[in-house]
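First to last, the sequence lines map onto chains A and B. Basically the working numbering = 1-based index in the first sequence + 495. Basically the working numbering = 1-based index in the second sequence + 495.
Just so you know, the hints here were simulated from the structure itself, not pulled from any lab data. Positions of the beta carbon are idealized from the N, C-alpha and C atoms, including for glycine. One should not assume that every hint holds.
Derived CB-CB ranges, DEER-like [what the hints assert, rightly or not]:
#1 A:R683 to B:G895: 44 to 52 Å
#2 A:S816 to B:E910: 43 to 51 Å
#3 B:P570 to A:A597: 36 to 44 Å
#4 A:E566 to B:E910: 18 to 26 Å
#5 B:P865 to A:A597: 38 to 46 Å
#6 A:M927 to B:P570: 38 to 46 Å
#7 B:A528 to A:T897: 50 to 58 Å
Listed below are the residues making up each chain.
2 protein chains.
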Amino acid sequence: MSEVPPVDLVTAELHGSLEDPALTSMNLLNEVASRFPGALSFAAGRPTERFFDPEVVHSWLRTFSRHLTEERGLPEEEVRRTLCQYGRTKGIVHDLIAQNLARDSGIEADPEAVVVTVGCQEAMFLVLRALRADERDVLLSVSPMYVGLTGAARLVDLPVLPVISGPTGIDLDNLVAQIRKARQQGLRPRACYVMPDYANPSGLSLNLAQRHELLALAEQENILLLEDNPYGLFHSGQGTPPTLKALDSGRRVVYLGSFAKTVLPGARVGYVVADQRVATADGEVGLFADQLSKIKSMVTVNTSPIAQAIVGGALLENDFSLEQANTRERGIYRDSLNRLLTGLHSRFGQHPGISWSAPAGGFFVCVTVPFTVDDALLEHSAREHGVLWTPMSHFYSGAGGTKTLRLSVSSLTAEAIDEGLDRIAELFTEQMAVKVAS
Amino acid sequence: MSEVPPVDLVTAELHGSLEDPALTSMNLLNEVASRFPGALSFAAGRPTERFFDPEVVHSWLRTFSRHLTEERGLPEEEVRRTLCQYGRTKGIVHDLIAQNLARDSGIEADPEAVVVTVGCQEAMFLVLRALRADERDVLLSVSPMYVGLTGAARLVDLPVLPVISGPTGIDLDNLVAQIRKARQQGLRPRACYVMPDYANPSGLSLNLAQRHELLALAEQENILLLEDNPYGLFHSGQGTPPTLKALDSGRRVVYLGSFAKTVLPGARVGYVVADQRVATADGEVGLFADQLSKIKSMVTVNTSPIAQAIVGGALLENDFSLEQANTRERGIYRDSLNRLLTGLHSRFGQHPGISWSAPAGGFFVCVTVPFTVDDALLEHSAREHGVLWTPMSHFYSGAGGTKTLRLSVSSLTAEAIDEGLDRIAELFTEQMAVKVAS
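Build the full structure now, drawing on both the sequences and the hints.
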């Protein structure tokens, strides 16, 4: 027998994504969090756990079964097959999702244009895989950008060109400039990724005029818009302008949906609405959704019908309105956001060097400070002050965000927010003293 | 407003996989099946539906919850979080899977080397994504080969070089020849994919000597083996030789597991055991499983903990033995296979032009005939004779399989097998008459 070698593989001979910051930063942040389990965490963008209840999960599953029997008239054997066997690649709750979109988001979606996915992440991955034909293809994204987007793009070797966010959520002049510059370089900009409502990580939202302008610009420049909308229902007051997809008369928008925050993260069910018409080599024309479905069949085959049934049951029990189903949650997030903003004001309102965003909803607030914010400071903060947050630099592909931190309030109680802010104030005071001293 | 264009995208500008036979053939076969819902189907490789029961699913979920509470001692809040919240990327039933592997397959797996995935398909995808670093990388696979493997490879632009199966499941001389030829061409063969037990589609199994030789060859040629084992528990008699992974003393084998046939397709839970040691650019050494986990975090984030809990409950209720849990199913598949083989013998035993494989387990039998077997004949068979099967040409990347069809017995009753064989006999008689006449 030959001696067992100490190393079997090296990442230098594995896919480049494995050494990419997009894939390693998530790990790093989780790793810091796991080493300081006692720290208060403004880092996790997880939904509140206050109403988690496995009995409700059982009940949703039964509700969907009853729906199959009573409303769709399926015989018992067919109900069992629908829940337990391999199933339709595009999913079994596509029609219920279409009803939810009509009810909550003003989107009239053809159920055949819906692909149910393993969370919104798979939806994003499928779209990027389809759009990346060769090395000329590039994606645009508002920067700072969601790490899940950057990571999925990296897996399919699709470069992401940053578009300036600015104070309003997107700098449209910069978007046009980036598109044209890319084309001059022989590149093929395919789409621009955007979270129009309470974006992760910036917290910013696009106003109605910007939404119309962005759609017109997509038409004019012949690109798609990838609209990701996990936080739209969590407005603090009057709600949000219509989604891009609701305003989309030219099939420019691919809509990415998630039930992680509105139903249950543990179901891992999301979806994509892809109603674009695609011509194949043999001249047939079908839906982009059907192309995405072909890719999905080679990634996850189909989304667990049991997981889909859980989400389907939740939709059925709430008359298809997740806006209505999340009344309690919306109240909690609104109160938490207000408490955080009030707490920031009372602690740092007099300090000219510290500023923060004031989003009208969602989970995230960005705080800009007069000292460097990096992973080393995060670790120091966790160890010495017992508080976690996210350095904004993780959301930039190049330089950027080095003096900003992201605070998430979604999974903290009011008391934890106050205590966490006290600890952050200690950290800030300490760091500013260091700065003055040095 | 500009006029809405009739077509928004063309596949020529989307990823090449979308026009690839690997991704379109699955669709084509499903499409034929859906147009002839009344036809008897030897096409689907689905497990029997006889014991599907949503109440059992509820019970498995409760069993796993109780396990968290009673055996792991988690407080109620932590149980709810484990089932409902986002969770560990590598999964929450990894330790139970390791116990199952020890019990049923003689595999001693470090639970940390297990990544729980959305079905075995995602496991395959993650491994191929990791191994395809650049255009020099190639995969080897016994041909005829599983379409899910070809499709996943196509998604990451990884060419698959066919290795001759021959009558024994793998031609090891051909494997060596293919590896060396590829290296002479400047290519980098990374791994060979193999189903050692009752392979899909050939039905063939490797004997113990071949398994040892294959492992020695992998060591000698410095490649990995991707062992896929969905059918190993469904032996007709004495069981199977040890898995490659059980014999793997040099960490050459990446083991791909599925619960679709042994627990429930609708859970969509599979896994990969990847205990290879990987050195990263900064010199740290970790498990290949952790690299796969990084990729998974950008494809599906994590496998639904509820779906995992269902599988976990099934493992707990069966003392970790799926060999034991599938006693009834194994009996059904054995009887079905015997009935099919007996039926083929009684109908075609006297015909020298027709032959078939005689596997000792699994779902699949291949029948070779003296006329051309293609998609047109399948459609004719469905329309005129009311019987579906799979043309073997779908399992070859180039030419091959043009006179062979695959029959699956996994989801047919004894009566349906007899009736289906009568219909197939009609088709064969008709086709041989055409051939004689032409």
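Whether the CB-CB distance between A:S816 and B:E910 falls inside 43 to 51 Å = About 48 Å separates the Cβ atoms of A:S816 and B:E910, which means 43 to 51 Å holds.
Hint says 44 to 52 Å; check whether the CB-CB distance for A:R683 and B:G895 agrees.
-> violated, 36 Å
Cβ distance range 38 to 46 Å for A:M927 and B:P570, holds or violated | holds, 40 Å
For B:A528 and A:T897, compare the CB-CB distance with the range 50 to 58 Å and indicate the outcome.
-> Hint holds: Cβ distance 57 Å, inside 50 to 58 Å.
Does the hinted range 36 to 44 Å hold for B:P570 and A:A597 at CB?
-> holds, 41 Å
For A:E566 and B:E910, compare the CB-CB distance with the range 18 to 26 Å and indicate the outcome.
-> violated, 33 Å
Starting from the hint 38 to 46 Å, judge whether the C-beta atoms of B:P865 and A:A597 obey it.
-> With a Cβ separation near 57 Å, B:P865 and A:A597 fall outside 38 to 46 Å, so the hint is violated.
In this structure, the hints that do not hold are numbers 1, 4 and 5, in rising order.
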